[in-house]
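So the sequences go chain by chain: G and U.
When the letters of the first sequence are read in order and numbered with the numbering used here, they come out as residues 1361 to 1656.
When the letters of the second sequence are read in order and numbered with the numbering used here, they come out as residues 4 to 318.
Please keep in mind that the hints were generated in silico from the structure rather than gathered at the bench.
Quick caveat: nothing in here was measured; it's all calculated off a predicted structure.
It cannot be assumed that every hint is accurate.
As the list claims (entries may be wrong) - Simulated restraints on C-beta separations: (1) ARG1444(G) x ILE301(U): 14 to 22 Å; (2) ASN1578(G) x ALA95(U): 44 to 52 Å; (3) TYR40(U) x TYR1483(G): 40 to 48 Å; (4) ARG312(U) x LEU1516(G): 56 to 64 Å; (5) VAL24(U) x ARG1644(G): 30 to 38 Å; (6) ILE1624(G) x LEU107(U): 19 to 27 Å; (7) ALA177(U) x SER1625(G): 51 to 59 Å; (8) ARG1486(G) x ARG20(U): 53 to 61 Å; (9) ASP197(U) x ARG1444(G): 49 to 57 Å.
Stated by the list, open to error - Per the computed footprint, the stretches of chain U lying under chain G, defined by three or more beta-carbons under 8 Å from a beta-carbon of chain G, are: (10) 64 to 73; (11) 115 to 126; (12) 277 to 291; (13) 295 to 308.
By construction, the Cβ of each residue, glycine as well, lies at the ideal position given by its N, Cα and C atoms.
In case you want the letters, here they are:
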Amino acid sequence: MLAFDLLANGLIYGCFYALMAIGLAMIFGVLKIVNFAHGEFFMIGAYTYVLVALKLGVSPWLALPCAAVSGALLGWLVERLLMRPMYQGYASWGFMKDEYAVVVTFGLSLLLINLVDKIVGPYSFRGPPLIDVSRFALGPIMLTGQKAIAAVVSVLLMIGLALFIKRSVWGKQIQAVAQNRLGASLAGIDATRTTSLIFMISGMLAALSGALLAPLVNPSPDIGAFPAVKSYVIVVLGGMGSIWGAMLAALILGVSEAFFSVYISYDYRDAFGLIILVVVLLFRPQGLFGEKGREL
Amino acid sequence: MKPIHNLWQERLRFDMRAALVIIALIGLLPAVVYGPYALGIILVSVYFAILALGWNLLAGYTGQFSLAPAAFAMIGAYTTALLDHYWQVPLALGIPAAIVVTALFGLMLGKLVLNLSGPYLSLTTLAFAEIARVVIGNSHEFTRGDQGMHVATLTDNRLAYYYIFLFALVVVLACIYWLLKGKLGRFMMAVRDDPVGAESRGINVVRIKMIAFCISCSICGLAGSLYGTFSQLVSPELGLLQQTGLILSMVVIGGMGSLSGAILGGVLIYLGSEWLRGFGDIQMIVFALLVIVFARYIPGGLWGMVAARLQGRRS
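Pulled out of the complex, with its shape left as it was, chain G reads as follows (with noise of 0.2 Å):
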C-alpha cells in the first residue's frame, strides 16, 4: 500500500520535474548550450505567484497566468539580451560559444538570486494554496488538495505542450531549428524568433513550475537550486535535447527519489540525483532518447 502512495507522490513531483527539464532540453535542442540561469526561472515564478496572490490579494488563480507572464517576460529578455549575439555572431567570445553561455547564464542566475535576495529580503514565503482541502485520501494514496490540483494542471500543460509541438506550425518551426538551424532557415523560417519562442516556453514553464509548487516549498531567493540540479540530472538521463525523453525521465527520477527517501536513506535522497548521474554517463552517456555525444 505504501509502495502505491509513494509511486502517485513520485509521478506527481515527477511531472514538476518535467515542467522544469522540458525547458532546459528545448533550449539545449536549439543552441546546444546549457541555461544555468534555469532554477531562477523557477524561483521567479514562485515569487511572483506568491507576490501578487499575497501582496495584491488576487485570487491565486490569476496569479497563476501571472507567474507564466513573468516568466516568459524573463524568457524573452535572456534570448534578446545574452543569447542573441552568439549565434549573430558578434559576441565578443563568439567563436568560444560553450564558454560564452556557461559564463553569463551562471552570472545571470548570481544576478537573479541577489537582486531578490536584495530586494524582497531572504526569507521564505508561504505560498496561498490554490485550493483549500487538506490531506485526503484516494484509495491508498494521500494527497493534499494543492499537489492534487497543480499535478492536474501540470499534466494539461503537458499534454498541450506535446500538442503545441507536434500540430501547430510554430512548433514544427522548433523542431526544425533544432534539427538543423541553417536548413530552416533557408526554408524560410525565422530561426531568431523560433529561438526567441524557446526561451519564453522555457522560462514559462519552469515559472509555471515555481508557481505550483510555491505552496509546498515555501520561496527563498535560493529555492531554484535544487530543481536546476535536478533538471541537469533529467535532461542528461534523458539524452540532452529530447523533450521526451526529458519528460520520461522526470517521471523516471521522481518516482525512483520517492522510493529512495523512504525506503534507503531520507536525509540523503538529494544524493540519488548524483548516482543516477553517474550511472548514465558512465554506461549510456548519450541518454535514453539522445544522440551520441562522445568526442571524436
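Given chain G, work out where chain U should sit, using these hints.
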C-alpha cells in the same frame, strides 16, 4: 624584431613578471594595513587569488568550465579537518593529504565526464558541488553537519599566516608558470582552441583535460585546506555556489587565460566585495552584472586592457 616563434614565451614571461610585481605589492600591504580585521581581509583575498589561479588554469588555459572550485576547496578543508579530528594527523601531513584527496576526486569526476564533449563538465560539476555540500551538511555524525568542525591551526600569528598564504600563492604560481612554459601548457591551449585539430596532431585530448582538471582541483584543495586551518572552522558554507560565482567573476573580470589577471582579479574583487558590503550587501549584484558585461564586451578582462596598453608602449 623578435623572432615570431617566441611570441608566446615572450607574453608568458611578461605576464609572469607582472604577476610577481603584483604579489610583491600585496606582500607589502601589511605595512599600511592596521589591525587584525583588515589583515584578515587581505589574507582572504590571497586565498581567493589562489583559487582564481587554479580555476583559470582549467577555464582560461584549457577551456574546460568546472563549476565546482569552491566545492573542491570545501573538500580539501574537510579532508584536513577530518584527519585531524579522527586520527590527530599533524597538519604537515593533513594539508598535503588535502591536495591528494581533491586530486583523486578530480580524477573520478574527470573519468566520468571529460571524454564527453559539450557542456557535460559544467553540468556534472555543478550537480556534484550542490550535492556534496548538502551531503556534508546532512552527515551530522561524521562531519557534524552544518555546525562545522574545529581544525588545528599552524600558528596564532595572523601576520605569519598572511605570509604562509602568500608563499602558497607564489608556489602555485611558479608551478603553473613552469607547466605553461613546457609542452603541457601548449597542449592545453591547443585543446582549448581546437580540440579536433589537437587530436589530429596526436595530442591525447582527454588526457590533457584530465591533467589540467586534477591540477586545478588540487590547487583549490590546497587553498581550502589552508583556509580551514586559518579560520579553525570548516563548514559546508565554503562550498556555496556563491563562492564559485565569486571565483568565476574574479577570473572573468581580471582576465581569462592570464596569470596576473587571475591574481589581480582575485585580490581586487575580494577587497571590492568587502568595500561594497558597506553599501548594504550589494557586492554580488555588482559582480554578477560585471561578469555579464565583461563576458559580452571585454573578453580580455582588466588585465587584457592593461596588457594591451603596456605591450603597445614597449614595441
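Could you work out which of the previously given hints the structure breaks and list their numbers from low to high?
3, 5, 7, 9
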